[in-house]
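Q: Listed here are the chains, written in short residue letters.
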Amino acid sequence: MSFAVKIETCPQCRSRKTENLVRVEPGCPVRVYVRCSECGAFVARYTLERYTSDKPYESLLKFSRRGGCSIASRSHAQELEGFSKKIETEFKETTEAPFTELKVEEIICELKR
Amino acid sequence: MKLGWRIFFVTLSAAAFAGICFAPIPGMDTAARHTLAVFVLALILWVSEAIPLYIASLVIAALLSIFVAQHLPVADYKIFLAPFFSPVILLFLGGFVLARGLESYGLDSVLASAILRKVGKKPAAILAGFMGVTALLSMWMSNTAATALMIAVALPLIRSIDEKDPMRIGLLLCIPFSANLGGMATPIGTPPNAIAIAALRDAGVQINFLEWMGIALPATLILLVLAWILILILFRPKTKALSFSLHKAKKLGWKEWVVLTTLLVTVLGWLTGRFHRIPDAIVALLPALIFFSLGLLRRKDFRSLGWDVLILMGGGLALGKAVAVSGLDKWLVTSLGMEGLPPVALFVGFILLTVVLTNFISNTSSAALIVPLTMGFAGGSNSLVVGVALAASASMLLPVSTPPNAIAFGSGLLKVKHMFRTGIIVAVIAIGVILMFGLVIWPRLGII
Ligand SMILES: [Zn+2]
Chain S
25 MSFAVKIETC
35 PQCRSRKTEN
45 LVRVEPGCPV
55 RVYVRCSECG
65 AFVARYTLER
75 YTSDKPYESL
85 LKFSRRGGCS
95 IASRSHAQEL
105 EGFSKKIETE
115 FKETTEAPFT
125 ELKVEEIICE
135 LKR
Chain C
18 MKLGWRIFFV
28 TLSAAAFAGI
38 CFAPIPGMDT
48 AARHTLAVFV
58 LALILWVSEA
68 IPLYIASLVI
78 AALLSIFVAQ
88 HLPVADYKIF
98 LAPFFSPVIL
108 LFLGGFVLAR
118 GLESYGLDSV
128 LASAILRKVG
138 KKPAAILAGF
148 MGVTALLSMW
158 MSNTAATALM
168 IAVALPLIRS
178 IDEKDPMRIG
188 LLLCIPFSAN
198 LGGMATPIGT
208 PPNAIAIAAL
218 RDAGVQINFL
228 EWMGIALPAT
238 LILLVLAWIL
248 ILILFRPKTK
258 ALSFSLHKAK
268 KLGWKEWVVL
278 TTLLVTVLGW
288 LTGRFHRIPD
298 AIVALLPALI
308 FFSLGLLRRK
318 DFRSLGWDVL
328 ILMGGGLALG
338 KAVAVSGLDK
348 WLVTSLGMEG
358 LPPVALFVGF
368 ILLTVVLTNF
378 ISNTSSAALI
388 VPLTMGFAGG
398 SNSLVVGVAL
408 AASASMLLPV
418 STPPNAIAFG
428 SGLLKVKHMF
438 RTGIIVAVIA
448 IGVILMFGLV
458 IWPRLGII
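Residue numbers (the numbering used here), protein chains in the order written: chain S, 25 to 137; chain C, 18 to 465.
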């Protein structure tokens, strides 16, 4: 198993309808609070390393401005060049994968081992 | 790269290393032979990128410490570790902090808009504006960051231009090119410059911040103007006038003023080194001191400062040191019969080699590989070293040549042929300008 995909469900009412509340605060990484749309329960929190919108190229320009933090290698250049494409294909791959029933913590443990 | 290829290249480099280490090469002492072995290993690892470039740098330092240090007259492995915290590394660190401060408070885009507001509506002037601002920014921040910012600024304008108008391509293309060229102009503009400065310093030639700018800035300016003319010819704008809107200038608070003042004082400190005699590398600590002690930047910023770039440079500097102290540079010159070659042929050869290499591998590694080789020539080699550093920035041909090109290419608006056809002409012009300065102007003026 190289990757797993899980649809978050509400711990209270098992609903799959969730809302992402994106919290941006200076000096902190962006955090996303996931709330159940049905009952409003707390589902999960994600801490973002990087945010990419539906306009991946604009996102790429944003984080590439962090000067000096990326080495000027050919593999890095290849990554930048194929950035939008990669997100496109990865999104497709993710949506088409079979969804797992495991808990996210369990998947993370499993895959990091 | 597939794991199989990685293993292949690592094995190949190890085999080459072992082979050269144990091969009896007549007329070559052990230190030089072992250095040659490390050099070939570095060449394979840096060209193939089988392992990350910065890890290859650490491997290089380790191998030099183990295999070369003991055969030197003064056996001390620490000379191969010191380069990792040498003055140019510190100078770069300061540059990174400065750039991070500018970027964190949006001052890079404030600066860009302030200048671009003045360029008017003529396509040629707009093109010149974007090229000038990109080059100006990349003198002080990384080429990648300058490109990313300026493409973000240009994108709305580019999209507003008619799809059939070649100006679209020209405007997009001019930004990475200007960033690559602008990097040449200051010691902190791009790592190859620092590699040249460090190599010259080891050879007893001190070049301070202002002196580098005196050497490189005129060449950069000429290259920018020629590239501007070229882009205007190749991508002749159809529109007569373009209007573009920029974000309204935001009001600067005290933090922004502190960052700007620090930038000004630091740059001033670099430019006036000959009066106050504080080394550039120490002046470079000022932004870090101010930004971090006032809480303008935080530990997270410090931890993500581009240490990989610094480690890569450190490995390059260590390799250069080894080539010089082991006498490998002299051996190469004599044994390959390059002594008798006319200096002009040598100069042309090395610059061509650098430009070809830098378009396929990282600018920093190409400078790290070629600068040491040029150090063995007696007389007139100083301009050659600087020329090689500038040539290492001439990666204009392919999207993968250097991250700025890749970023422009990521827009999806460019075709490889656009970049290649234009880039090859810019590269040839760069070769011409570097040769003109290196063979005629610098020696005449006696500045290096
Ligand atoms: Zn619920």
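Hint data in this document are derived by calculation from the structure and do not stem from the laboratory. Bear in mind the structure is a predicted one, so any value in this text is a computation, not a measurement. C-beta: ideal position from N, C-alpha, C; glycine also. Treat the hints with care, since some could be wrong.
Unchecked claim - Taking lysine-lysine and the DSS-like style, the derived pairs with C-alpha atoms no more than 25 Å apart in a straight line are:
id: 1; chain 1: S; residue 1: 109; chain 2: C; residue 2: 317
id: 2; chain 1: S; residue 1: 127; chain 2: S; residue 2: 79
id: 3; chain 1: S; residue 1: 109; chain 2: C; residue 2: 267
id: 4; chain 1: C; residue 1: 19; chain 2: S; residue 2: 109
id: 5; chain 1: C; residue 1: 19; chain 2: S; residue 2: 86
id: 6; chain 1: S; residue 1: 79; chain 2: C; residue 2: 265
id: 7; chain 1: C; residue 1: 19; chain 2: S; residue 2: 116
id: 8; chain 1: C; residue 1: 317; chain 2: S; residue 2: 86
id: 9; chain 1: C; residue 1: 19; chain 2: S; residue 2: 79
id: 10; chain 1: S; residue 1: 86; chain 2: S; residue 2: 116
id: 11; chain 1: C; residue 1: 434; chain 2: S; residue 2: 110
id: 12; chain 1: C; residue 1: 181; chain 2: C; residue 2: 19
As the list claims (entries may be wrong) - Label-pair restraints from in silico Cβ distances:
id: 13; chain 1: C; residue 1: 284; chain 2: S; residue 2: 53; range: 29 to 35 Å
id: 14; chain 1: S; residue 1: 28; chain 2: C; residue 2: 266; range: 54 to 60 Å
id: 15; chain 1: S; residue 1: 73; chain 2: C; residue 2: 19; range: 24 to 30 Å
id: 16; chain 1: S; residue 1: 72; chain 2: C; residue 2: 19; range: 27 to 33 Å
id: 17; chain 1: S; residue 1: 117; chain 2: C; residue 2: 458; range: 53 to 59 Å
id: 18; chain 1: C; residue 1: 95; chain 2: S; residue 2: 66; range: 33 to 39 Å
id: 19; chain 1: C; residue 1: 310; chain 2: S; residue 2: 47; range: 45 to 51 Å
id: 20; chain 1: C; residue 1: 441; chain 2: S; residue 2: 28; range: 27 to 33 Å
id: 21; chain 1: C; residue 1: 18; chain 2: S; residue 2: 46; range: 50 to 56 Å
id: 22; chain 1: C; residue 1: 310; chain 2: S; residue 2: 58; range: 36 to 42 Å
id: 23; chain 1: S; residue 1: 82; chain 2: C; residue 2: 40; range: 32 to 38 Å
id: 24; chain 1: C; residue 1: 31; chain 2: S; residue 2: 36; range: 34 to 40 Å
id: 25; chain 1: C; residue 1: 296; chain 2: S; residue 2: 53; range: 34 to 40 Å
id: 26; chain 1: C; residue 1: 95; chain 2: S; residue 2: 47; range: 45 to 51 Å
Q: Now, for every hint given, state plainly whether the structure supports it.
A: We went through each hint and held it up to the structure:
Of the supplied pair hints, the one linking residue 109/S and residue 317/C is violated, its CA atoms being roughly 29 Å apart against a limit of 25 Å. Restraint check for residue 127/S and residue 79/S: not satisfied, since their Cα atoms lie roughly 30 Å apart, outside the 25 Å limit. Taking the CA atoms of residue 109/S and residue 267/C, the gap is about 34 Å. The hint is violated against a cut of 25 Å. A hinted pair counts as satisfied when its Cα atoms are at most 25 Å apart, and residue 19/C with residue 109/S qualifies at roughly 19 Å.
A C-alpha spacing of about 30 Å is found between residue 19/C and residue 86/S, which places the hinted pair above 25 Å, so the restraint is violated. Between residue 79/S and residue 265/C the CA atoms are separated by roughly 23 Å; this keeps the pair inside 25 Å, and the hint holds. Proximity of residue 19/C to residue 116/S is assessed by CA-CA distance (about 23 Å); at most 25 Å being required, the pair is judged to hold. A C-alpha spacing of about 18 Å is found between residue 317/C and residue 86/S, which places the hinted pair at or below 25 Å, so the restraint holds.
At most 25 Å may separate the alpha-carbon atoms for a hinted pair to count; residue 19/C and residue 79/S exceed this at roughly 29 Å. For the hint linking residue 86/S to residue 116/S, the alpha-carbon distance of about 24 Å falls within 25 Å, and the restraint holds. For the given pair, residue 434/C sits about 22 Å from residue 110/S by alpha-carbon distance, which is consistent with the 25 Å threshold. Distance hint between residue 181/C and residue 19/C is unfulfilled; the C-alpha atoms sit about 40 Å from each other, more than 25 Å.
The hint said 29 to 35 Å for the Cβ distance between residue 284/C and residue 53/S, and at roughly 32 Å that hint holds. Range check, residue 28/S to residue 266/C: Cβ separation about 48 Å, and the 54 to 60 Å hint is violated. Evaluation of the 24 to 30 Å hint for residue 73/S and residue 19/C yields a pass: the beta carbon distance comes to about 26 Å. For residue 72/S paired with residue 19/C, a C-beta distance near 30 Å keeps the hint of 27 to 33 Å intact.
Between residue 117/S and residue 458/C the beta carbon distance is about 56 Å. The supplied range of 53 to 59 Å therefore holds. Between residue 95/C and residue 66/S the CB atoms are about 55 Å apart, so this pair departs from the stated range of 33 to 39 Å. Look at residue 310/C against residue 47/S: about 28 Å separates their beta carbons, and that is not inside 45 to 51 Å. In this structure, residue 441/C and residue 28/S break the distance hint of 27 to 33 Å, their C-beta atoms being roughly 46 Å apart.
Range check, residue 18/C to residue 46/S: Cβ separation about 35 Å, and the 50 to 56 Å hint is violated. With their beta carbons about 38 Å apart, residue 310/C and residue 58/S fall inside the hinted range of 36 to 42 Å. In this structure the hint that residue 82/S and residue 40/C lie 32 to 38 Å apart at CB is violated, the actual value being about 54 Å. Taking 34 to 40 Å as the suggested C-beta distance range, the pair residue 31/C and residue 36/S does not conform, at roughly 58 Å.
Taking 34 to 40 Å as the suggested C-beta distance range, the pair residue 296/C and residue 53/S conforms, at roughly 36 Å. Between residue 95/C and residue 47/S the beta carbon distance is about 48 Å. The supplied range of 45 to 51 Å therefore holds.
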